[in-house]
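Engineer: Numbering-wise, the sequence shown is residues 1 to 219 according to this note's numbering.
I should point out that these hints are in silico values taken from the structure, not numbers from a laboratory.
Remember, it's a predicted structure, so these values are computed and weren't measured experimentally.
Errors might be hidden in some of the hints.
To be verified - Below are the BS3-like pairs computed for lysine-lysine, each with C-alpha atoms no more than 27 Å apart in a straight line: (1) Lys147 - Lys158; (2) Lys147 - Lys159; (3) Lys147 - Lys136; (4) Lys136 - Lys158; (5) Lys173 - Lys136; (6) Lys173 - Lys158; (7) Lys136 - Lys159; (8) Lys173 - Lys159; (9) Lys147 - Lys173.
As the list claims (entries may be wrong) - Derived Cβ-Cβ restraints for the label pairs, each shown as a range: (10) Glu79 - Leu175: 29 to 35 Å; (11) Gly148 - Pro177: 28 to 34 Å; (12) Thr82 - Ser171: 25 to 31 Å; (13) Val172 - Val81: 17 to 23 Å; (14) Lys147 - Leu83: 21 to 27 Å; (15) Ser74 - Gly101: 19 to 25 Å.
For glycine and all other residues, C-beta sits at the position ideal for the given N, C-alpha and C.
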Amino acid sequence: MRTTVAGRLWATAGLLSRRPRKTPPATSRTPERSVMWKQEPKATPPIITTQPSDPANSAADQTAPAAGCSGTASSRIVEGVTLQGEISSSEDLYVDGDLEGTVELPDHTLLVGPNGRLRAEVTAHSIILRGTLEGKAHALERMELRKGGSLTGELETKKIVIEDGGMFRGSVKMLQPEAEEKKPAPPPADDPPAADASGDTRPGASPDRSDGEQDKQVG
1 MRTTVAGRLW
11 ATAGLLSRRP
21 RKTPPATSRT
31 PERSVMWKQE
41 PKATPPIITT
51 QPSDPANSAA
61 DQTAPAAGCS
71 GTASSRIVEG
81 VTLQGEISSS
91 EDLYVDGDLE
101 GTVELPDHTL
111 LVGPNGRLRA
121 EVTAHSIILR
131 GTLEGKAHAL
141 ERMELRKGGS
151 LTGELETKKI
161 VIEDGGMFRG
171 SVKMLQPEAE
181 EKKPAPPPAD
191 DPPAADASGD
201 TRPGASPDRS
211 DGEQDKQVG
């Protein structure tokens, strides 16, 4: 019994030992492809910033020329430009650069911007100064020294206006306004002929004789 059992056990053991191990069937795996997609960056729309227009500033810019800016002047010498010599113009002149010499504008206005620097003798109908002027200024009608304007030298004008912040150093001669031409008085009317005592104004009429006067006859 034991042997048999042992044999069986041995046989069983042998069978167990000799039984080929089952290996799991080889499975064919298809290699996985790893596909990497490159994400394109999203195009961001450009950002455009605009400054809101200020109606007050726009109105000021448009009306500034009359107050001493360049809008009303067709002839301009802009900032960064330097001129020397004699300058004359048949229209208003705006200067915001450097100028040395003489300026002749007897019938027009000279506008000097805040960056304008003049070393000159200026003759103009009116001068509006916001920059610097050294020399002689002949403003035939009006001289305006605006805030920041500086005049050093001689000034001749009929009217002068100096704002707060304007500076003037030198001498001033006030021109007298031209007297209006008086129209000649009309000639006096001819006096009417004097009337005689009878009221007869006919020429050659003889005055009435008195009642006591009688005609004398020569015999």
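Engineer: Each hint: holds or not?
Structural biologist: Going down the list of hints, with the structure as the test:
1. Lys147 - Lys158: holds, 21 Å
2. Lys147 - Lys159: The hint holds at about 17 Å.
3. Lys147 - Lys136: holds, 20 Å
4. Lys136 - Lys158: Given pair Lys136, Lys158 holds - Cα atoms ~15 Å apart, limit 27 Å.
5. Lys173 - Lys136: holds, 11 Å
6. Lys173 - Lys158: Since the Cα atoms of Lys173 and Lys158 sit roughly 8 Å apart, the hinted pair holds (cutoff 27 Å).
7. Lys136 - Lys159: With Cα atoms ~16 Å apart, Lys136 and Lys159 stay inside 27 Å; holds.
8. Lys173 - Lys159: holds, 10 Å
9. Lys147 - Lys173: Roughly 22 Å between the alpha carbons, so the hint for Lys147 and Lys173 holds.
10. Glu79 - Leu175: 29 to 35 Å: holds, 32 Å
11. Gly148 - Pro177: 28 to 34 Å: holds, 29 Å
12. Thr82 - Ser171: 25 to 31 Å: Since Thr82 and Ser171 have Cβ atoms about 28 Å apart, the given range 25 to 31 Å holds.
13. Val172 - Val81: 17 to 23 Å: Once the Cβ atoms are compared, 30 Å apart, the range 17 to 23 Å for Val81 and Val172 is violated.
14. Lys147 - Leu83: 21 to 27 Å: holds, 26 Å
15. Ser74 - Gly101: 19 to 25 Å: holds, 20 Å
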